[in-house]
Amino acid sequence: GEDVEQSLFLSVREGDSSVINCTYTDSSSTYLYWYKQEPGAGLQLLTYIFSNMDMKQDQRLTVLLNKKDKHLSLRIADTQTGDSAIYFCAETILTGRRALTFGSGTRLQVQP
Amino acid sequence: EAGVVQSPRYKIIEKKQPVAFWCNPISGHNTLYWYRQNLGQGPELLIRYENEEAVDDSQLPKDRFSAERLKGVDSTLKIQPAELGDSAVYLCAKETGIRNTEAFFGQGTRLTVV
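The listed protein sequences derive, respectively, from chains A and B.
Under the numbering used here, think of the first position of the first sequence as 37, with each following residue one higher.
Under the numbering used here, think of the first position of the second sequence as 113, with each following residue one higher.
In case anyone wonders, no lab produced these hints; they're calculated from the structure.
Remember, it's a predicted structure, so these values are computed and weren't measured experimentally.
The C-beta atom is built at its ideal place from N, Cα and C for all residues, glycine as well.
Don't take every hint at face value.
[Claimed, not checked] Derived DSS-like pairs: lysine-lysine, alpha-carbon spacing no greater than 30 Å straight-line: (1) A:K72 / A:K92; (2) A:K72 / B:K123; (3) A:K72 / B:K190.
[As the list claims (entries may be wrong)] A few chain B positions that, by computed beta-carbon distances, are all more than 12 Å from chain A: (4) K123; (5) V131; (6) N136; (7) R160; (8) E164; (9) Q171; (10) T188; (11) L196; (12) A205; (13) E207.
[Claimed, not checked] If the Cβ cut is set under 10 Å, some of the chain B residues that face chain A in the computed set are: (14) I138; (15) G152; (16) F177.
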């Protein structure tokens with residue numbers, strides 16, 4: 037079955053770049069996502085990448101996909117205190133089972 | 113993009129009691145999901161609907177959980193009887209985006225079973 041792994045915690049200083057990493061096991065994954073969850077809130081979709089791409093940039097966010105190694109990363113440039121949250125990596129296969137499979141989340145702490 | 117409305121936001125019940133959660137995906141989308149998020153973990157699928165039909169309920173504990181989606185819009189998820197281990201956040205999501213590749217989540221219902 038599908039499995040998505042993330043590191044648990046990352047701490048950075050305000051203004052630095054943050055890089056959150058994710059690995060997945062299913063080579064059939066078609067779309068890979070990054071969601072943000074603030075305390076007591078639902079999940080906010082930040083960005084996603086199609087599996088035939090290796091990079092996507094959206095303002096301060098850069099997603100890198102290494103399909104050979106099944107590795108996904110999210111880089112946040114100029115990290116702000118408002119970026120403190122839990123970040124979830126997720127994947128889906130668009131044939132058959134289409135629900136998202138999530139990692140356990142990476143807690144990003146931004147220190148002033 | 114209209115949101116996903118869930119109610120209640122919080123619910124505390126005693127074990128063995130029933131509980132129900134409600135979800136309205138607003139602008140009426142074909143695909144609706146219920147996920148459960150345990151503390152410190154990512155969400156896990158409970159059930160997926162295409163219109164009124166439950167097309168994937170393989171992860172739903174059918175001895176105590178049930179769900180329905182009448183008229184292919186609103187949905188309810190019920191637990192009867194609740195157990196201590198059911199304490200979690202229950203999230204509803206709809207598909208959106210140009211190719212329906214984006215899952216848009218509601219704020220969830222936080223259930224505490226005591």
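Name the hints, by number, that the structure is in violation of. The structure breaks hints 7, 9, 12, 13, 14 and 16; every other hint is satisfied.
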